[in-house]
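Enquirer: What follows is each chain in one-letter form.
Protein chains: 2
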Amino acid sequence: MFAGESKAVKPQRYIVEDIMTSGHLWTCRPNDTIDDVLEILVTHRITGLPVVDDNNKVVGVVSDYDLLALDALGKVKDDRALFPEADQTWQAFTEVKTLLAKTGGKEVKDVMTNKPITVRVNTDLDVAAKLLLQKKIHRLPVVDENGSLVGVLSRGNLIKAALAMRKEAAAAVAAS
Amino acid sequence: MFAGESKAVKPQRYIVEDIMTSGHLWTCRPNDTIDDVLEILVTHRITGLPVVDDNNKVVGVVSDYDLLALDALGKVKDDRALFPEADQTWQAFTEVKTLLAKTGGKEVKDVMTNKPITVRVNTDLDVAAKLLLQKKIHRLPVVDENGSLVGVLSRGNLIKAALAMRKEAAAAVAAS
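Respectively, the protein sequence lines represent chains E and L. If you're matching positions, the first sequence starts at 1 in our numbering and goes up one per residue. If you're matching positions, the second sequence starts at 1 in our numbering and goes up one per residue.
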């Protein structure tokens, strides 16, 4: 420490660990069905989740976008429509049966983003925030040195932290 | 009705009204502060909301992206940082005071997307879903003939509807 420096003026950097979600994390496996993931997203009001293998290593990320794009953009129009034509549903049960049989077989690995961008617990928060925004993604898996999942950093985490920091700063100003 | 037609085979189309969120909608005004909007997003775990004028006409949309981009991308780096440098916060109260005084004056209209894409209650759901995905947006304000807000169609609504339709179709198949 140099003369004149004190704890109060020590520059403090925020890192990913300060604001990430850790503990229980919603995840799925590459072989989970698309319906399983839809169920998780709807029940927990989230927009996506990391895909991990049996050793908790991150192998992908799957989002509401990936699931909706299945149908609406005609990416795999033939057999994986999320919104089957209404007249198919009500008119032609044979077609619906075929559709469901095929869709039932589709798995997370068919639609997930492979090898997603990840960060570490000690990544600078500024860097992580820039990644989230520049890549227009909503969550970054946080991994350890083995690539195992230890947390998730989401836009929601950033928004919450931004609000807390602003309140904290305002209180400090008011008290000064 | 033509000969041979029955209710069961009448083609049914899904429209925006079938699955949109209506009733109480989270909205903000162009002159609301950025802190107000942050608070709404955090409290209600949403990612954005329509901006309406005094007559409930939709004039914009503001999202977590718009708010975070304030700082992380250095869009308006000078005076509107959401994440003030930690050393600013702890070292230089004068700077923080200046920062907050300026940020406090910033309003939704400074960061919102103007003239957002909107849909109507009777817009085909396929069309609306394509818009959400192709434009990579998360919500579409639903307006009446005067441009007044009557609902919001989000990706969350689509995911929920997709799951419900798939369950319904599966049940119909099981019962047949």
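In short, the hints are calculated from the structure, not lab data. Take these hints with a grain of salt, some might be off.
Identical copies go unnamed one by one, so any copy, or any two together, can satisfy a pair.
As the list claims (entries may be wrong) - With a cut-off of at most 27 angstroms between alpha-carbon atoms, the simulated DSS-like pairs for lysine-lysine come out as follows: (1) Lys106 - Lys167; (2) Lys115 - Lys57; (3) Lys57 - Lys167; (4) Lys115 - Lys167; (5) Lys109 - Lys57; (6) Lys109 - Lys136; (7) Lys109 - Lys160; (8) Lys167 - Lys109; (9) Lys135 - Lys109; (10) Lys106 - Lys130; (11) Lys160 - Lys135; (12) Lys130 - Lys167; (13) Lys106 - Lys160; (14) Lys135 - Lys115; (15) Lys136 - Lys160.
Enquirer: Each hint: holds or not?
Expert: Tested hints:
{"no.": "1", "hint": "Lys106 - Lys167", "in the structure": "between (46 angstroms within a copy, 15 angstroms between copies)"}
{"no.": "2", "hint": "Lys115 - Lys57", "in the structure": "within (11 angstroms within a copy, 43 angstroms between copies)"}
{"no.": "3", "hint": "Lys57 - Lys167", "in the structure": "neither (37 angstroms within a copy, 31 angstroms between copies)"}
{"no.": "4", "hint": "Lys115 - Lys167", "in the structure": "neither (37 angstroms within a copy, 31 angstroms between copies)"}
{"no.": "5", "hint": "Lys109 - Lys57", "in the structure": "within (14 angstroms within a copy, 43 angstroms between copies)"}
{"no.": "6", "hint": "Lys109 - Lys136", "in the structure": "both (21 angstroms within a copy, 22 angstroms between copies)"}
{"no.": "7", "hint": "Lys109 - Lys160", "in the structure": "between (31 angstroms within a copy, 21 angstroms between copies)"}
{"no.": "8", "hint": "Lys167 - Lys109", "in the structure": "between (42 angstroms within a copy, 22 angstroms between copies)"}
{"no.": "9", "hint": "Lys135 - Lys109", "in the structure": "both (21 angstroms within a copy, 24 angstroms between copies)"}
{"no.": "10", "hint": "Lys106 - Lys130", "in the structure": "between (33 angstroms within a copy, 22 angstroms between copies)"}
{"no.": "11", "hint": "Lys160 - Lys135", "in the structure": "both (20 angstroms within a copy, 26 angstroms between copies)"}
{"no.": "12", "hint": "Lys130 - Lys167", "in the structure": "within (22 angstroms within a copy, 39 angstroms between copies)"}
{"no.": "13", "hint": "Lys106 - Lys160", "in the structure": "between (35 angstroms within a copy, 19 angstroms between copies)"}
{"no.": "14", "hint": "Lys135 - Lys115", "in the structure": "both (14 angstroms within a copy, 24 angstroms between copies)"}
{"no.": "15", "hint": "Lys136 - Lys160", "in the structure": "both (18 angstroms within a copy, 23 angstroms between copies)"}
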